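Given the structure of chain A, go ahead and fit chain B onto it with the hints provided.
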Amino acid sequence: MAEKATIVVQSGEFDKLYSALIIANGALAMGMEASMFFTFWGLQRLRKGQLDKGPLSKMHMLGLGKWMVKRRMKKANAVSLDRMLEDYVELGGKLMACDMTMEIMGIKREDLRDDLITDYCAVGSYIQEARESTITLFI
Amino acid sequence: MSETIKVDCAGQNCPVPLVETRKALRKAAAGDVVEVTGTHASSKKEIPMAAKAMGLEVLDVSEDGDRWTIRIRR
Numbered sequence: 000m001a002e003k004a005t006i007v008v009q010s011g012e013f014d015k016l017y018s019a020l021i022i023a024n025g026a027l028a029m030g031m032e033a034s035m036f037f038t039f040w041g042l043q044r045l046r047k048g049q050l051d052k053g054p055l056s057k058m059h060m061l062g063l064g065k066w067m068v069k070r071r072m073k074k075a076n077a078v079s080l081d082r083m084l085e086d087y088v089e090l091g092g093k094l095m096a097c098d099m100t101m102e103i104m105g106i107k108r109e110d111l112r113d114d115l116i117t118d119y120c121a122v123g124s125y126i127q128e129a130r131e132s133t134i135t136l137f138i
Numbered sequence: 000m001s002e003t004i005k006v007d008c009a010g011q012n013c014p015v016p017l018v019e020t021r022k023a024l025r026k027a028a029a030g031d032v033v034e035v036t037g038t039h040a041s042s043k044k045e046i047p048m049a050a051k052a053m054g055l056e057v058l059d060v061s062e063d064g065d066r067w068t069i070r071i072r073r
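Those sequence lines, one after another, are chains A and B. Residue numbering for the first sequence follows numbering that gives the first Met the number 0, beginning at 0 and increasing consecutively. Residue numbering for the second sequence follows numbering that gives the first Met the number 0, beginning at 0 and increasing consecutively.
Just chain A, with the same shape it has in the complex (with noise of 0.2 angstroms):
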């Protein structure tokens, strides 16, 4: 069985997905399996047409900092955070989305990018990866 990345996204900025996302690419390329779980703002980022919707972290200024940074990020060949997203499923991430936020926050299926979530499941799952996993982070 192949090492395994186990990565908890509950964080929905823009930088800290790009962050996360990278992580789990490089594990996939590096011949790992990868989990993501996706729960409270995070998962907010897996309605359809939100995926880089979300403010940064730091220096956001009401928009400014994040049209700065995606600038700057397009003039150094920076992929976009669709593109990863599809690597990473095209590479055999696993994309799991909490169904107690979905509750919580009133999010229904046909709102998510249901074609790409793997299960929609609680933190039982989660431990149950994550228990056999190498890496595991929180962001």
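Just so you know, these hints were derived from the structure itself, not from any lab. No experiment lies behind these values; they were computed from the predicted model shown. Hints should not be assumed to be uniformly reliable.
Here are the simulated lysine-lysine pairs, DSS-like style, with alpha carbons at most 30 angstroms apart [unchecked claim]: (1) A/K93 <-> A/K15; (2) B/K44 <-> A/K3; (3) A/K69 <-> B/K51.
Leaving out everything else, chain B in the frame of chain A:
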């Protein structure tokens, strides 16, 4: 008959060269060679790290200015 699969990642930044290498390796058949070219400096050392972690053989790493080419046997 083994094939050579070429992947051009010149100008691409982290994590694209690593991810594209992995995609190509997944598609390759055993014995095929994946040849990745790029300019992202860290990937030059990280792609061989990934290959070794997956138990694959790095045939060679060559450089031409800031452009590198890595060949991996699947």
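Review point. Given the proposed pairing of B/K44 with A/K3, does the C-alpha separation stay at or below 30 angstroms?
Key: holds, 22 angstroms
**Study point:** A/K93 paired with A/K15 [C-alpha distance capped at 30 angstroms]
**Key:** Holds, because 18 angstroms separates the two Cα atoms, which is no more than 30 angstroms.
Review point. Is the straight-line distance between the alpha-carbon of A/K69 and that of B/K51 30 angstroms or less?
Key: violated, 34 angstroms
In this structure, only the earlier hint numbered 3 is contradicted, and the remaining ones agree with it.
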